[in-house]
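A.B. asks: As a plain string of letters, each chain reads:
2 protein chains.
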Amino acid sequence: MTKKLFMFEKPLGMRDTLPFLYEIKKRVRQAMVREIETWGYELIETPTLEYYETVGAASAIDDHQLFKLLDQQGHTLVLRPDMTAPIARLAASRLYQDGNPLRLAYNANVFRAQQREGGRPAEFEQIGVECIGDGTVAADAEVISVMIAALKQTGLRNFTVAIGHIGYVNALFLEILGNEERASVLRRFLYEKNYVGYREHVKSLPLSSIDQKRLLQLLHLRGNDKTMEDARELVHSEEGKRAVDELCELASALQLYGVDGAVKIDMSLVSHMSYYTGILFEVYAEHVGFPIGNGGRYDELLEKFSRKAPATGFGVRVDRLIEALGESEAEAAIECIVFSQERFAEALELARTKRREGKRVVLQHILGIRDIDAYSKKYQPITYLLGSGGKEE
Amino acid sequence: MTKKLFMFEKPLGMRDTLPFLYEIKKRVRQAMVREIETWGYELIETPTLEYYETVGAASAIDDHQLFKLLDQQGHTLVLRPDMTAPIARLAASRLYQDGNPLRLAYNANVFRAQQREGGRPAEFEQIGVECIGDGTVAADAEVISVMIAALKQTGLRNFTVAIGHIGYVNALFLEILGNEERASVLRRFLYEKNYVGYREHVKSLPLSSIDQKRLLQLLHLRGNDKTMEDARELVHSEEGKRAVDELCELASALQLYGVDGAVKIDMSLVSHMSYYTGILFEVYAEHVGFPIGNGGRYDELLEKFSRKAPATGFGVRVDRLIEALGESEAEAAIECIVFSQERFAEALELARTKRREGKRVVLQHILGIRDIDAYSKKYQPITYLLGSGGKEE
Chain S
143 MTKKLFMFEK PLGMRDTLPF LYEIKKRVRQ AMVREIETWG YELIETPTLE
193 YYETVGAASA IDDHQLFKLL DQQGHTLVLR PDMTAPIARL AASRLYQDGN
243 PLRLAYNANV FRAQQREGGR PAEFEQIGVE CIGDGTVAAD AEVISVMIAA
293 LKQTGLRNFT VAIGHIGYVN ALFLEILGNE ERASVLRRFL YEKNYVGYRE
343 HVKSLPLSSI DQKRLLQLLH LRGNDKTMED ARELVHSEEG KRAVDELCEL
393 ASALQLYGVD GAVKIDMSLV SHMSYYTGIL FEVYAEHVGF PIGNGGRYDE
443 LLEKFSRKAP ATGFGVRVDR LIEALGESEA EAAIECIVFS QERFAEALEL
493 ARTKRREGKR VVLQHILGIR DIDAYSKKYQ PITYLLGSGG KEE
Chain X
143 MTKKLFMFEK PLGMRDTLPF LYEIKKRVRQ AMVREIETWG YELIETPTLE
193 YYETVGAASA IDDHQLFKLL DQQGHTLVLR PDMTAPIARL AASRLYQDGN
243 PLRLAYNANV FRAQQREGGR PAEFEQIGVE CIGDGTVAAD AEVISVMIAA
293 LKQTGLRNFT VAIGHIGYVN ALFLEILGNE ERASVLRRFL YEKNYVGYRE
343 HVKSLPLSSI DQKRLLQLLH LRGNDKTMED ARELVHSEEG KRAVDELCEL
393 ASALQLYGVD GAVKIDMSLV SHMSYYTGIL FEVYAEHVGF PIGNGGRYDE
443 LLEKFSRKAP ATGFGVRVDR LIEALGESEA EAAIECIVFS QERFAEALEL
493 ARTKRREGKR VVLQHILGIR DIDAYSKKYQ PITYLLGSGG KEE
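Line by line, the protein sequences are chains S and X. Note that this note's numbering gives residue 192 to position 50 of the first sequence, counting from 1, and the numbers run on in steps of one. Note that this note's numbering gives residue 342 to position 200 of the second sequence, counting from 1, and the numbers run on in steps of one.
The reader is advised that the hints may include incorrect statements.
One copy or two, either will do: identical chains are not told apart, so a pair holds if it fits within one copy or between any two.
Taking lysine-lysine pairs in the BS3-like style, the calculated list, with each CA pair at most 27 Å apart, reads [stated by the list, open to error]:
| # | residue 1 | residue 2 |
| --- | --- | --- |
| 1 | K294 | K496 |
| 2 | K345 | K368 |
| 3 | K501 | K168 |
| 4 | K383 | K345 |
| 5 | K520 | K450 |
In case anyone wonders, no lab produced these hints; they're calculated from the structure.
Here chain S stands alone, though its shape is the one from the complex (with noise of 0.2 Å):
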């Protein structure tokens, strides 16, 4: 049995959005919207469910933190837990015909189930883009470079891309490691941040101590001038110096972009999304605990899809970002003409006159108004055309 609801509850982990928010909502995805449409983007849709066998599988998601149900058919159905898997099936099976690349964006609401009240929202809205079927650096740096202008027409200011590349990682790690179980413990390290519990991880391991400190070396390859060449030097193999080499190239490029100010190269920057490939980053802004954002490559998702092509993007989280912002946006002005039944045509024509000059007006007949002190605080300015007086104000 479970406990009787109360009429006013939602789900865990849903919200109501108030029109307060709603407006700070509207203004920072417009901002971004338009914004990724001038680098030619195209805004498209995808159905909230999807089948889980196929697109549920793709997203790299948990299973726990899966939506799901059953449809009549017998197959079970999950509310979309991202954008890039339902986005790289569609791409696939209609939009990706010759080859070329494709730019598409989206906001939408994706969906992931939450364990405990008081944690995260079980719904959130992402806007973002996916550049597919286009392999070259300049594809990365330019998912990098609108993300970061779209972020900028918002008015977020003091955020960080932190930019990696899990072939890096992978290279370093199955040459010291020898093989991609033991390298699957520490990437998790990784990408829970935990610092502390890789170190202590890595003296536990039986290595040489040149290699133990090669590991460790990992987590200083950050930021700096000779971030680049320190990491070249700590990896042996090919993919490895590949990976340095292609960095490198997005670098000169992010500088021709002139958006190097706001990145920051991380050589042990993983993901918790399994699908990426390449290069990948996540953004943080000041007083903001979580990235607001995040990328990368992801060449072997369409793949699952039955149709090879390389592919990246991001997405940004418009509630982190809006954390970000704080919220300094005035509520929306509206004023507010209260009438009475004779006076409804006199009312009804000074709505439209200033309707017409682009001003928010409530038109409010005074019986449908129980606490008229309570409901003049709510509009501004009040005009009372009540009676066969005069106007007031």
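Based on these hints, arrange chain X on the given structure of chain S.
C.D. replies: Showing chain X alone in chain S's frame:
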């Protein structure tokens, strides 16, 4: 056992929205929302998932059309099948505190499970308003008028708003049939618009020929100057006459709003939404078989959320509205600059300049393109900045 899914498939009734349709949806959405905002309505969002016991039960959508799932506490959740019930929950719990009118608006997807392929969409977008706490006919007139104004802003012409009063139909049926059970059978014929079935059923009832005639006459109480007069004569009870009075008051208000040309009284109008209690309406557009929007007064819904309040609102279905508009819009114009590595900086500068002018510009590395002939057909104009040569369009 279920059949194996093809990777590209989507759940029954679920659809992708490609860029061309997205642009139309966006334009229509913005046009409606902008108009609704000038009338002082404030936009809000509610969660996609709600409790079945509370909002699901209040929604007036058939149980077999609900998408249901279980949460980890054992409660049944539903994907919201409409927006009126969630907004009633939200208003009752947080916004409707002082008993004064609230004007809320939304654009949101709602969900209705479908039984077979090729049928109706299982997820579709609605745009609407709810005016809560105002029991005056002026509020009904406003809701109908803002709907008409918003539809006109999308470019829609040739549409009709059929207006009726559920209180009238209920009063007439109760007078003649004596109980609610018999009334509900007849109401069902009306909301299915099965007038042949209605007539046959009336003739099969054990009633005097006068009463049979009265029931049949209801079908003729539509859209001419004498309709109100005839309607008042047909009904005997206080409730019935009061409903006619309200419709007369509404008609004069709509005349002042200048929208009376778009409306038509239909005393036989009945909705499948069981929560309506008074004036109600449906919008029909040329060439579209289903109503593109509907609405009405629901003075008893908020009581289900422990707070009594009169209310009225409308909802328009964006998919049907777009069908009514016809797809006359051209695709968004996007330019393209194709560059080779050597001329990256130059290409970037050109893209930047064009974007600043408000143009949408794709910047594409030549190595990312597989089939240049196909690619060049997608964008117009396309500029090539390749090798050390000149510029070509």
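A.B. asks: Flag every earlier hint the structure violates by its number, smallest first.
C.D. replies: Violated hints: none at all, because every hint is consistent with the structure.
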